[in-house]
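Respectively, the protein sequence lines represent chains Z and B. So the mapping is simple: the numbering used here equals the position in the first sequence, first residue as 1, plus 141. So the mapping is simple: the numbering used here equals the position in the second sequence, first residue as 1, plus 7.
By construction, these hints were calculated from the structure, which means they are not laboratory data. Any given hint could be a false lead.
Said to hold, decoys possible - Only pairs whose alpha carbons sit at most 20 Å apart, straight line, appear in this in silico EDC-like list of lysine to aspartate or glutamate: (1) B:Lys-347 - Z:Glu-210; (2) B:Lys-421 - B:Glu-434; (3) Z:Lys-250 - B:Glu-401; (4) B:Lys-388 - B:Asp-371; (5) Z:Lys-161 - Z:Asp-148; (6) B:Lys-244 - B:Glu-230; (7) B:Lys-347 - B:Asp-437; (8) B:Lys-347 - B:Glu-434; (9) Z:Lys-251 - B:Asp-422; (10) B:Lys-347 - B:Asp-435; (11) B:Lys-421 - B:Glu-436; (12) Z:Lys-254 - B:Asp-422; (13) Z:Lys-297 - Z:Glu-198; (14) Z:Lys-322 - Z:Glu-269; (15) B:Lys-421 - Z:Glu-238.
As the list claims (entries may be wrong) - To give an idea of the chain B side of the interface with chain Z (calculated C-beta under 8 Å), a few residues: (16) Arg-427; (17) Ala-428; (18) Ala-441; (19) Met-442; (20) Ile-444.
Unchecked claim - Partner residues are not named here, just some residues of chain Z that face chain B (Cβ under 7 Å, in silico): (21) Arg-229; (22) Thr-235; (23) Phe-261.
Beta carbons are placed, not taken as given, at the ideal position from N, Cα and C, and that holds for glycine.
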Amino acid sequence: MALLEVDNVHAYYGKIQALKDISITVEKGEIVTLIGGNGAGKSTTLKTISGLLRPKEGRILLEGKDITELPAHQIVTTGVVQVPEGRRIFGQLTVTENLDMGGFTCRNKKLIKENIDRVFGLFPRLKERSRQVAGTLSGGEQQMLAMGRAMMTDPKILLLDEPSMGLAPVLVDLIFETIQKLNDAGTTILLVEQNARMALGIANRGYVLQTGVILLADSSENLNKNEMVRKAYMGES
Amino acid sequence: MTHARSIWNNGVKTGIIGGVAVLIISLVGMVVSFNRRDIIFEFIAMGHTLLLMTGILIGYTAAKKTTATTTMVKCFNAVVASLVTFSFLALLVIIGNAVNLRAILVNASPMLYKALTLGHHDSAAGIFIILGIGLLCGICAAVLYSVPTAVRRITITALCSVVIAGVLQDLLRPVLLAWGPMSVISDFLFAGNGLTAAGALTVILVIAGIMTVWNFKGDDVKENYQHFSGGTQRGIKIGAFVLLACVLLILPQIVGLFLSEVLTIVGLYVLLGLGLNIVVGYAGLLDLGYVAFFAIGSYVTAILTSPELGFFALNFWQALPFAVLVGICFGVLLGIPVLKMRGDYLAIATLGFGEIIRILVLSDALRPWLGGAQGINKIGKPSLMGYEFSQPQEIYYFILAGCLLVVFISMRLKDSRLGRAWMAMREDEDVAQAMGINLVATKLLAFASGAGFSALSGAIFSAKIGSVYPHSFSVFISINIICLIIVGGMGSIPGVIVGAAALVGLPELLREFADYRMFVYGAALVAMMLLRPEGLWPDVRHKMELHKDESVAEEPQVSTAT
Chain Z
142 MALLEVDNVH
152 AYYGKIQALK
162 DISITVEKGE
172 IVTLIGGNGA
182 GKSTTLKTIS
192 GLLRPKEGRI
202 LLEGKDITEL
212 PAHQIVTTGV
222 VQVPEGRRIF
232 GQLTVTENLD
242 MGGFTCRNKK
252 LIKENIDRVF
262 GLFPRLKERS
272 RQVAGTLSGG
282 EQQMLAMGRA
292 MMTDPKILLL
302 DEPSMGLAPV
312 LVDLIFETIQ
322 KLNDAGTTIL
332 LVEQNARMAL
342 GIANRGYVLQ
352 TGVILLADSS
362 ENLNKNEMVR
372 KAYMGES
Chain B
8 MTHARSIWNN
18 GVKTGIIGGV
28 AVLIISLVGM
38 VVSFNRRDII
48 FEFIAMGHTL
58 LLMTGILIGY
68 TAAKKTTATT
78 TMVKCFNAVV
88 ASLVTFSFLA
98 LLVIIGNAVN
108 LRAILVNASP
118 MLYKALTLGH
128 HDSAAGIFII
138 LGIGLLCGIC
148 AAVLYSVPTA
158 VRRITITALC
168 SVVIAGVLQD
178 LLRPVLLAWG
188 PMSVISDFLF
198 AGNGLTAAGA
208 LTVILVIAGI
218 MTVWNFKGDD
228 VKENYQHFSG
238 GTQRGIKIGA
248 FVLLACVLLI
258 LPQIVGLFLS
268 EVLTIVGLYV
278 LLGLGLNIVV
288 GYAGLLDLGY
298 VAFFAIGSYV
308 TAILTSPELG
318 FFALNFWQAL
328 PFAVLVGICF
338 GVLLGIPVLK
348 MRGDYLAIAT
358 LGFGEIIRIL
368 VLSDALRPWL
378 GGAQGINKIG
388 KPSLMGYEFS
398 QPQEIYYFIL
408 AGCLLVVFIS
418 MRLKDSRLGR
428 AWMAMREDED
438 VAQAMGINLV
448 ATKLLAFASG
458 AGFSALSGAI
468 FSAKIGSVYP
478 HSFSVFISIN
488 IICLIIVGGM
498 GSIPGVIVGA
508 AALVGLPELL
518 REFADYRMFV
528 YGAALVAMML
538 LRPEGLWPDV
548 RHKMELHKDE
558 SVAEEPQVST
568 AT
């Protein structure tokens, strides 16, 4: 049984159809990436999974249990946590307070403390800056904080929306290393990226989306070799 | 060349702005009517003080703003700016003498010219007097600019203290007169409708003395305080708290009837402000229909206690929980339809709700139940163990108790789990949801608790007045409360208290100038937003937000999108 299963999902923004019959499966321990251009429906897919957008048709299953109808804040407690696009950390809170906020659903203070230590273990940079106001962190550190905050609930699957967006190339490398590290530590990851080359570099499998439809679904290696993918998303002629 | 340009760019331009300002001040009649009161008795009047302060401020701004580097040029800028400012007044007097402006500008009266020229309005000497005063202001500004910062701060504070003492004489005199021996001080400080010359001098010297000592010893004191053990520090804090409590407790006995009345009004606004502070300051939901819950609280109390309608005849204490409960219910009721709205849209929707309630209580259709335009009278007064709260001085304690309760609840809420959820929601609704915060429940709780506080103050208000009328619940009350929160500092509990004192208490004290209330109000809000957008007593986080640019050096962001 797959960890996460998106089953023939159709989603709309008002009358405009954003997702047409999307089916995705993510196995436990995998990194799966969704690639595609602007408006392909990558972020919409994540929103549909995390409950911010309701699908009109289709189901979303987590470990075989239907979570389609759950409100967004309850989906978080089932272990599906999204890191929203554009970092969006709480700029006025300190790093530790941001992490605290990530553990909002957890009422056990001791567990929160443990989780903070765990996140600091994953991101030593954050520990150095634990008392700094988050708005004053660099872009890369803010992205780490956003991921660390999502890790506070010890999620089964992490939904990452464009983690490399707006970062300098050096930091993009760092972020992807971090994603790999999170995965090595046992977190399943569904990664949405415009930077197809980097994404396919660390993912096990990938889906190529275009205007709300899945064009291709294959292993990263095969997608990397695919001429269409190379032309359209990696800038090769 | 560059000097000439600096003077044109700064001195003259700033002067023109100042000139327009003093013209407006004069032509709306502020100078003449403020002159009825003296700051220093038979020496300087309030209207004149206002003009002088504007002149000096303009001169100082010009000196500070200029790009010129030499002190000489800067000072010259200041003099030019003040002179230009006052030349506008000179021009007004010249034109006013030649043509009758009164047909259009009602306040351009001989009285005004007389006030502006210190009595020489029909001779050329008057013009020179005005320009001379302008020059004097400029020189003062230049001197203030050139002296060291510490000296400047002390001088400005001391002079402002005199002005404040003069303006607030109605507040200070009864306080000083209340206790026999203190009346000597009052007689020494005040005479006629202002301070005495000796009194003003004393105020200046005392304030300057305190400031100077603090300047030299302040750091030592702070350091000593740091060195105290935790227990001593806590002791000092508790001592300060007890002192504050004592002052609050005996205040109405000292200040007399009128000021107690003012205090009760301020107290009511503090209650209202703390409630709205939860909705706007904590949860970030801009609610402009807040007066609706105030009205609901008042009317529920009225309906339940007034024998006039004859439905119920509960006493105040029995009615109070119902008032709060109904308020909370309406808070949730309003919350449900506007759950999905954000920002401006929410503001407009809530504005509508406020008006609906006001129109409902005004309507003839509901007259048998709500009293219509005539309102409801004979509302029960609260009593405790046979003792009835009816005089302002007694109601004061009642409101004080309410305020303390609400301050306590606000403080606890702020640090609670719910408070954190509100804060997350205020910062970013989507992320808050992604953290597992139930937006629906969190929003409704914010509306409900705000509404509950508002209904509580409504109940107290109706008991205090003894009657309710629809016109007491206009949209201006909502706007007033929003303003006092913003001026005080969003999300800050002491800020709400300071804001209520400044925006509600001060206008009550300066009733004789009520004509200019809205004018000063508007000007103060604009100045506030420009100079201190975080509020008078800001919440730490909001302060950080507004001054972020000064501390953050974000690294350049390079797009890596393919």
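Structure-based check of each hint:
1. B:Lys-347 - Z:Glu-210: Distance ~19 Å between B:Lys-347 and Z:Glu-210 Cα, so the pair holds.
2. B:Lys-421 - B:Glu-434: Measuring from Cα to Cα gives roughly 15 Å; hence the hint holds.
3. Z:Lys-250 - B:Glu-401: Violated, because 46 Å separates the two Cα atoms, which is more than 20 Å.
4. B:Lys-388 - B:Asp-371: 27 Å, violated
5. Z:Lys-161 - Z:Asp-148: Holds, at about 11 Å.
6. B:Lys-244 - B:Glu-230: 16 Å, holds
7. B:Lys-347 - B:Asp-437: Between B:Lys-347 and B:Asp-437 the Cα gap is close to 12 Å, so the pair holds against 20 Å.
8. B:Lys-347 - B:Glu-434: Judged against 20 Å, a Cα distance of about 16 Å means the pair holds.
9. Z:Lys-251 - B:Asp-422: Answer holds: Z:Lys-251 to B:Asp-422 is near 18 Å, not above 20 Å.
10. B:Lys-347 - B:Asp-435: The given pair, whose Cα atoms are some 14 Å apart, holds under the 20 Å limit.
11. B:Lys-421 - B:Glu-436: 18 Å, holds
12. Z:Lys-254 - B:Asp-422: 18 Å, holds
13. Z:Lys-297 - Z:Glu-198: 25 Å, violated
14. Z:Lys-322 - Z:Glu-269: Roughly 19 Å between the alpha carbons, so the hint for Z:Lys-322 and Z:Glu-269 holds.
15. B:Lys-421 - Z:Glu-238: 14 Å, holds
16. Arg-427: Since chain Z brings a Cβ to about 7 Å from B:Arg-427, closer than 8 Å, the hint holds.
17. Ala-428: 7 Å, holds
18. Ala-441: 5 Å, holds
19. Met-442: 5 Å, holds
20. Ile-444: Holds. Min distance 6 Å.
21. Arg-229: Hint on Z:Arg-229: holds, closest Cβ of chain B at ~5 Å, below 7 Å.
22. Thr-235: 10 Å, violated
23. Phe-261: 19 Å, violated
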